[in-house]
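Number of protein chains: 2
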Amino acid sequence: MSTYIAPVRDMLFAMNELAGLDEIATLPGYEEATPDLVEAILDEAGKFATEVLAPINASGDRQGNRWVDGEVFTAEGFGDAYRTFCETGWNGMPAATEFGGQGLPITVSTAVLEMWKSANMSFSLCQMLTLGAVEAIAHHGSDTLKATFLPAMVEGRWTGTMNLTEPQAGSDLAAVRSRAEPREDGSYAISGTKIFITWGEHDMAENIVHLVLARLPDAPPGVKGISLFVAPKFLVNADGSLGARNDLVCASIEHKMGIHASPTAVMAFGEKEGAIGYLVGEPNRGLEYMFTMMNHARLNVGLEGVAISERAYQQALGYARERIQGRIIGDRSGDKKPILHHPHGRRMLMDRKVRTEATRALAYYVAGCMDRAKASADSETRAANEARLELLTPVVKGWCTEVAQGVTWNGIQVHGGMGFIEETGACQHMRDARITTIYEGTTAIQANDLIGRKVAREGGHAMRSLIEEMSASRATLEAHADVQLRKIGAAVGRSIQALTEATDWLLTAYEPRPQQAAAGAVPFLKLTGTVVGGWLMARLALSAHARMDADDAEFRGAKLVSARYFAEHVLPEVQALRDAVVGGAESVLALPETLF
Amino acid sequence: MSTYIAPVRDMLFAMNELAGLDEIATLPGYEEATPDLVEAILDEAGKFATEVLAPINASGDRQGNRWVDGEVFTAEGFGDAYRTFCETGWNGMPAATEFGGQGLPITVSTAVLEMWKSANMSFSLCQMLTLGAVEAIAHHGSDTLKATFLPAMVEGRWTGTMNLTEPQAGSDLAAVRSRAEPREDGSYAISGTKIFITWGEHDMAENIVHLVLARLPDAPPGVKGISLFVAPKFLVNADGSLGARNDLVCASIEHKMGIHASPTAVMAFGEKEGAIGYLVGEPNRGLEYMFTMMNHARLNVGLEGVAISERAYQQALGYARERIQGRIIGDRSGDKKPILHHPHGRRMLMDRKVRTEATRALAYYVAGCMDRAKASADSETRAANEARLELLTPVVKGWCTEVAQGVTWNGIQVHGGMGFIEETGACQHMRDARITTIYEGTTAIQANDLIGRKVAREGGHAMRSLIEEMSASRATLEAHADVQLRKIGAAVGRSIQALTEATDWLLTAYEPRPQQAAAGAVPFLKLTGTVVGGWLMARLALSAHARMDADDAEFRGAKLVSARYFAEHVLPEVQALRDAVVGGAESVLALPETLF
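Protein chains in written order, with the numbering used here: chain H, 3 to 598; chain Z, 3 to 598.
Just so you know, not all the hints are guaranteed correct.
Identical chains blur together in the list; that is why a pair holds if it fits in one copy or across any two.
[Said to hold, decoys possible] Within a straight-line C-alpha distance of at most 25 Å, the following computed BS3-like cross-link-like pairs (lysine-lysine) qualify: (1) Lys376 with Lys148; (2) Lys226 with Lys338; (3) Lys339 with Lys226.
None of these hints come from the bench; they were simulated from the model.
Bear in mind that the values here come from a model prediction, so they are computed numbers and not experimental data.
Using the sequences provided together with the hints, build the complete structure.
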């Protein structure tokens with residue numbers, strides 16, 4: 003099994019050329035993010051990922067967690083790694099400075115997060131959930147809640163969770179039934195069963211702070227009657243010390259296909275007197291608050307797609323470099339060569355390398371939008387970046403995770419029979435990746451969000467503005483002196499055309515024929531991801547070509563090959579996706595339910 | 003978890019309309035295969051699959067096999083099920099009558115085999131390997147070998163294996179090192195280590211008959227120095243009773259991603275005095291003999307793709323019919339409806355239903371070719387069907403199993419979060435499916451076989467003849483009175499054009515630029531599978547339309563919708579595949595190995 007080495011050079015290139023890190027570092031609050039500091043952070047994080055998190059990834063998968071009478075015991079080494087992680091300051095690094103974080107650009111923490119996820123996806127989820135909870139409390143909680151919970155959570159001594167799903171309420175949160183009864187002291191007594199609670203119970207931290215969606219007694223039905231509560235495992239005394247055990251318990255943990263080392267809990271709230279919880283913000287606005295943090299969580303799950311693709315690619319590459327396969331077709335020497343030298347091996351590795359790079363390009367580009375939307379001094383820039391961020395959030399989540407399915411699947415294929423043997427290590431990445439198109443909203447949910455809220459309901463302005471910007475790049479490419487860049491420009495142009503046609507169709511169809519529009523939602527999301535990915539790959543190629551005389555000419559040359567591969571092998575896929583959107587709805591919907 | 007119900011009506015429709023079962027039943031030796039008998043067989047087999055094999059599929063996955071000191075104990079219920087399977091005569095059913103089988107058309111046994119594989123893929127492998135060994139011995143073994151081994155193997159009292167792979171010799175069998183030293187009595191002493199031996203050791207049968215590839219002392223190097231031997235676990239006395247334990251032992255079994263209930267053994271031959279083995283046929287022709295049976299095995303693994311797709315589809319459909327998801331977009335009633343009623347659910351199920359049907363269409367069509375190639379009285383018909391069979395064997399293996407990856411993956415996606423929980427049952431199908439693109443030759447191996455031996459080296463005659471026949475169907479479709487069939491015809495026409503262009507390119511490129519040709523081999527295989535699948539779906543639609551006044555008008559109507567969906571959503575994918583073949587090789591091969 004190969005280890006994980008953080009692709010720092012690739013990361014920096016995308017951060018600089020696509021997210022615009024130079025410019026971000028000039029924004030108020032981000033001045034500390036100098037190139038030297040950023041590189042130092044990535045190097046240190048990469049070392050930590052390789053040396054501390056990667057070594058317990060396979061063993062964690064093998065061992066999983068043990069549930070004993072409501073307690074969950076994590077796999078060997080996880081507790082120690084987590085304590086080191088927190089002591090070194092990595093846990094709170096992405097948080098705002100006012101709560102003990104380092105206040106670095108999101109672009110930087112995105113790259114660091116990618117490393118944790120590549121090295122050990124199960125482990126990374128604990129921090130991801132904690133920081134999501136921190137964000138929700140920081141944005142919507144009272145000063146008392148902030149003071150009580152945030153410092154220990156940012157430090158990592160306490161971890162956080164999101165309790166949304168119930169057995170009857172998955173994608174459809176309107177069906178949430180958990181209840182919260184007001185108590186005399188202003189707190190609430192929460193009762194109900196929550197399922198799929200990531201890191202809902204474990205032995206790595208002193209306390210676990212649950213964010214819980216529940217209904218007040220007088221709440222209206224549906225999504226507008228759901229409130230958000232904080233319910234800690236241990237109540238917190240006025241001096242910040244831990245008090246009584248709250249009335250909430252982990253009833254069981256799930257036996258899953260992947261992320262075995264991340265405990266997925268069934269949480270039973272209020273089986274006795276009710277779990278004591280504190281209202282976050284105003285009543286009945288819980289779902290809205292959850293969505294604040296869910297958008298960031300969705301980007302982070304999209305990033306998981308990038309990360310697990312990178313990990314699977316590295317594993318496959320290691321094997322393909324070493325495993326001797328036989329003679330290469332047409333090679334007169336007759337020497338037996340490693341898989342990577344064979345045309346079919348080359349194709350598999352090239353394809354997966356390039357698709358991984360394209361997902362990283364998209365995720366980092368969107369991280370840059372988030373930084374500018376948050377910190378730019380200019381309100382128009384903020385608004386434009388916010389609109390782009392909103393548009394592309396479901397695409398990052400949906401497309402990057404869908405791409406990861408093929409990349410991790412292929413990671414096994416490269417190994418041949420050995421790939422199917424668990425000890426080889428390739429299976430875990432595919433099994434781990436499998437959850438990413440499901441949690442934080444399935445690909446279909448992302449796609450419905452994209453075609454509805456993000457495109458049709460705002461008249462397609464954000465999409466048109468993106469298409470305009472991509473078309474400008476295409477013009478630059480097509481006018482370029484370099485013939486390869488011109489060819490890439492032509493392919494990008496054809497793909498933009500397909501996206502434009504699909505968008506036009508969608509805008510016309512959405513109101514009068516919403517089911518037909520929805521029938522093409524997932525192809526539309528994939529189409530968008532592929533076209534934007536191709537555009538960003540082409541931009542990387544342009545940047546690479548602009549300084550081919552630099553020290554890293556080989557690296558830059560490789561970026562040109564990547565963009566060309568994407569243009570020739572991946573971009574042609576958009577035509578079929580466009581067809582599925584604009585002409586495919588009827589045959590999706592034609593068959594009566596009884597004839598399936 | 004849903005159970006498995008054999009799709010007998012779908013199977014019969016494909017057998018009749020594509021394999022041409024009526025006509026096959028008139029061929030010498032197949033006269034017994036009357037429509038009534040065939041239907042009765044399928045009904046009985048379907049019952050057996052549902053009642054005996056399906057119930058131990060999930061438990062077998064959970065329990066796997068136990069290895070103790072060289073013995074392998076199978077999962078609960080497997081031994082009993084296997085004995086019933088043999089006693090009912092199912093084990094030997096596909097074998098030739100002269101060895102105790104029922105001598106039915108391969109088309110019929112293909113449908114039955116699909117059922118075993120759907121119900122319990124792990125279980126089905128034992129019979130599949132046994133029948134493969136029967137075939138090799140029947141074709142190439144001496145009368146003594148046949149008399150000694152075949153009756154008990156066909157009956158199922160003894161099972162069979164194929165011992166090809168060694169740690170250093172996977173796809174590259176030229177690297178086989180196992181040795182066979184002549185003994186004085188005319189037998190051989192075999193030594194060496196074989197890996198990935200399916201059902202190599204188990205407790206279900208009295209004896210296990212290993213077919214082993216090994217080298218004689220004076221053998222030339224490479225593939226032309228490999229001979230085939232029979233080495234039974236227990237030697238067989240002259241009276242047919244079992245004698246001494248042979249010097250071969252199961253050293254361990256693998257811990258795999260899927261097919262947990264099928265033991266995958268590491269076999270150590272000749273650790274003491276040498277395992278006694280008997281030469282099959284002539285020396286140094288072992289690989290050639292193995293390929294006789296490997297071609298059939300490849301078709302059967304392709305069929306596994308169909309079977310596991312069907313199983314995953316049924317599992318997903320059961321959930322999609324029952325699980326209430328929420329309100330349907332644009333539905334004013336506001337009622338909450340099951341997943342299947344939602345556009346995105348409909349798309350997922352429709353897509354998977356149709357792709358599964360297309361793979362079955364291909365597998366059964368090719369089974370029909372095999373029947374005619376074997377039994378037709380007319381030598382020209384035999385030759386034409388043999389050529390078609392040869393051409394399409396790697397496509398059945400490669401394409402049907404690749405399609406199964408998406409179908410089983412999607413089977414999980416339909417379940418949302420529940421899909422990722424092992425107890426739901428969807429994961430197993432995806433994990434089981436994962437091996438099918440690897441064993442019996444990876445997709446890349448199939449693709450190289452297709453572009454090399456099956457297309458380029460014979461000047462593309464077989465492919466051109468297929469294209470010609472498909473073009474005739476297209477003309478029928480395009481001239482049809484029904485507008486939907488005309489549209490399908492147009493889509494089929496565009497896809498044939500793409501296949502023609504790719505074939506032309508391949509024929510030009512293969513000799514002068516073999517590595518470029520090989521770089522596009524897998525896309526070429528997928529292109530071929532998709533185009534042929536689309537053609538067969540269109541033929542099914544034509545047949546369905548021809549008798550829309552029959553009792554089963556609804557069923558026939560559904561076939562038209564399936565063909566239309568395939569034409570609108572799947573066939574457009576061939577354009578990108580064509581691009582990858584004809585214009586993509588340079589960017590596959592451009593990057594130096596060091597820059598990966």
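Discussion item. Checking each numbered hint in turn, tell me which of them this model violates, lowest number first.
Written reply: Every hint satisfied by this model.
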